[in-house]
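Enquirer: Chain by chain, the residues:
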Amino acid sequence: MFATATPPAPHPLTTALDWLALGDHNTQIAVLGAGCLGAATGLVGTFLVLRRRALMADTLGHSTLPGIGLAFVLLAAIGAAPRSQPVLLLGAAMAAMLAAGLVAIMQRLRRVREDAALAITLGCLFGLGLVVLGVIQQLGTGNATGLDDFLDGSIATMRVNDAWLMAGLALLAASATIALFKEFTLMAFDPEQARLQGLPVRRLEAVQLVLVVLVTVAGLRAVGLILIIAMLVIPAAAARFWSNHLPRVAAFATGIGALSGIVGAWISAQASRLPAGALIVLVASSVFGLSLCFGSARGIWRRTARSSPTLEVI
Amino acid sequence: MHSRAPSIDLPVQPARPAPRGNRESVQPIVGGQVGAAITNPMPSDPITPPPLRVSGLTLAYGDERVLDDIQLELPTSQLIAIVGPNGAGKSSLLRSVLGLAQSQGNPVVEFFGQRLTEVRRRIAFMPQRERVDWNFPTRVVDVVTMGLYGEIGWLRRIRGHHRNAALAALERVGMAELATRQIGELSGGQQKRVFLARTLVQGADLFLLDEPFAGVDARSEEIIARELQALRDAGSTVAVVHHDLTAVRRSFDYCVLLNRRVLAAGPVAEVLTAERVADAYDGVVPLALLDATRPETID
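As you go down the protein sequences, you meet chains V and B in turn.
Numbering follows our numbering, with no gaps: position 29 of the first sequence is 53.
Numbering follows our numbering, with no gaps: position 124 of the second sequence is 125.
I should point out that these hints are in silico values taken from the structure, not numbers from a laboratory.
Just so it is clear, the structure is predicted and the values come from calculations on it, not from any experiment.
Each residue gets a CB set at the ideal place from its N, CA and C atoms; glycine is no exception.
Do not take every clue at face value.
Taking beta-carbon pairs under 10 Å as the criterion, some of the chain V residues facing chain B (in silico) [what the hints assert, rightly or not]:
1) 132
2) 133
3) 134
4) 210
Output of the computed footprint for chain V on chain B, the stretches with three or more beta carbons under 8 Å from beta carbons of chain V [unchecked claim]:
5) 123-134
6) 138-145
Here are the computed distance ranges between Cβ atoms for each label pair [to be verified]:
7) 136/V / 66/B: 45 to 51 Å
8) 144/V / 101/B: 27 to 33 Å
9) 122/B / 147/V: 30 to 36 Å
10) 226/V / 70/B: 50 to 56 Å
11) 222/V / 230/B: 37 to 43 Å
12) 318/V / 162/B: 18 to 24 Å
13) 134/V / 132/B: 48 to 54 Å
14) 227/B / 225/V: 31 to 37 Å
15) 139/V / 236/B: 27 to 33 Å
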């Protein structure tokens, strides 16, 4: 049932969106884009959660802010349209990669624990971002209000090109994850074995990080940098309750993410005052709640109560 | 202590208080000059290089040397036990030759005469305790299939014959009925057998197993022992870190006695003499181990 919500084919879906009385082409594409984004966050997030690196996504998300701010200032300074989406997202991606680099350096030095390194990096870069936003506001360089949308997301103000960019980045990250599914699985389950089989574990970890940055940046406009971590974690965590088989878990996470993106964005398009990111995440959270209770593999109230496996006496 | 004395054969008794300094004289290091050395009594064919050759391997954690200048050559197609007291560096030896622990200096570590990176496919390793997340969403058959991921290669899908190979390996360890169980639903012995199956499916020429018998039930122990012998009979070299000297005596061909250094390496009967064992275990040999060594010390 969730799987039918997976995005790819645009034609039937657009028809479906017409049926949902989303006459406005802008909104249609935005809702569709949010679906793609949700699917990608679900898929990429599955491996992030399995490797217990969810907090990394929070740090990366928050760290994009100074990148967005500085890109905005740069655009304004050279007299270009200051809200050129690709440039702002490029700035965001560079800031996120800087954050990942800082965390890696701190870990390499072995002086700070990972959680502390993540928190320090988050605080440092998000703080810097807030200062840059404040400066932009004071300078009054044109209309800076659009930048708020990157904090908590907005569907209603999204342009068609923004939505296509979001969908494109999301699908790119999702395709890469599917291509490396086998390698990511082994790396998540048993990194030592991955190394013994000759997989370049370090490089694969870096690729995974880049994919997280990609979906984070893709989701900035619709979900916002504060709540993007929730879209990486919640669909993946919810999917885990439905199966013990990773490919199926990943498919469920993709579906739950896509469903949350579409439903949340649709509600947001109807009620433009409400923050889109929050709505999308709340839909995902509802699915998580249901999964926690009724999930067929690990839910609290499993319907198919399997007899517990008989264990051999050691 | 005293009550035990009458039951102990004479040759064993004087070995216990053996002075520590004595150890050097008993040490038949491969390639060394030591007197009664059993220096590599099964010399490998000069044309085919040994499955594993180590020279000058030293590993230290902080100031403490866990492995000190290891010299070792494993013979081909043998069931090899690596024994020694706790903290002798048995696991560290396996992990450092596989590059999972960083050793000091520039030791020689050759597998089949080549560097590890060139012969990865020919080597399979089973760690002591899998450091994996037992709640991971993966089934028994998937875990075994993971042994083939390196071989399957980039961008290629897992196919039916890979699954069948995994199921066949599970069959060998008596776990085929539980193939679709989530990995955390198994007992300790069953988990060991699954990871043994993952090692088997790799079809390697050299198997390195770290304590495959630790904490397993009798049935698992029997199955694991049988499969290791089958591998040896099929021509593979199998090196196993082992605690139970009785079992080593019973079913192993070759033994490496380790206590930070290789104290002896050779056929089991020649290595596991009461003196050597007592010496390796710092004179503190559990009764069970003495029992195991006794019958052979008579001749």
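Enquirer: For every hint, state whether the structure bears it out.
Expert: Status of each hint after checking the structure:
1. Annotation: interface hint on residue 132/V violated; nearest CB of chain B at approximately 14 Å, more than 10 Å.
2. A hinted interface residue such as residue 133/V counts as satisfied when its beta carbon comes closer than 10 Å to some beta carbon of chain B; here the least separation is about 17 Å, so the hint is violated.
3. Interface hint at residue 134/V: violated, since its Cβ lies 14 Å from the closest Cβ of chain B, which is beyond the 10 Å cut-off.
4. Checking residue 210/V against chain B by beta carbon gives a least distance of about 5 Å; that is within 10 Å, so the hint holds.
5. Counting residues of the stretch 123-134 of chain B whose CB lies closer than 8 Å to any CB of chain V gives 7, which reaches the minimum of 3, so the coverage claim holds.
6. Judged by the Cβ-Cβ criterion of 8 Å, the stretch 138-145 of chain B is covered by chain V as claimed, because 5 of its residues qualify and three suffice.
7. Between residue 136/V and residue 66/B the Cβ separation comes to about 29 Å, which falls outside the hinted range of 45 to 51 Å.
8. Between residue 144/V and residue 101/B the beta carbon distance is about 30 Å. The supplied range of 27 to 33 Å therefore holds.
9. Under the hint 30 to 36 Å, the C-beta atoms of residue 122/B and residue 147/V, about 47 Å apart, miss the expected range.
10. At roughly 30 Å, the beta carbons of residue 226/V and residue 70/B sit outside the given window of 50 to 56 Å.
11. Between residue 222/V and residue 230/B the CB atoms are about 29 Å apart, so this pair departs from the stated range of 37 to 43 Å.
12. Take residue 318/V and residue 162/B: their Cβ atoms lie about 37 Å apart, and the range 18 to 24 Å is violated.
13. Range check, residue 134/V to residue 132/B: about 19 Å between beta-carbon atoms, so the 48 to 54 Å window is missed.
14. A beta carbon spacing of about 34 Å between residue 227/B and residue 225/V agrees with the range 31 to 37 Å that was offered as a hint.
15. At roughly 49 Å, the beta-carbon separation of residue 139/V and residue 236/B lies outside the given 27 to 33 Å, and the hint is violated.
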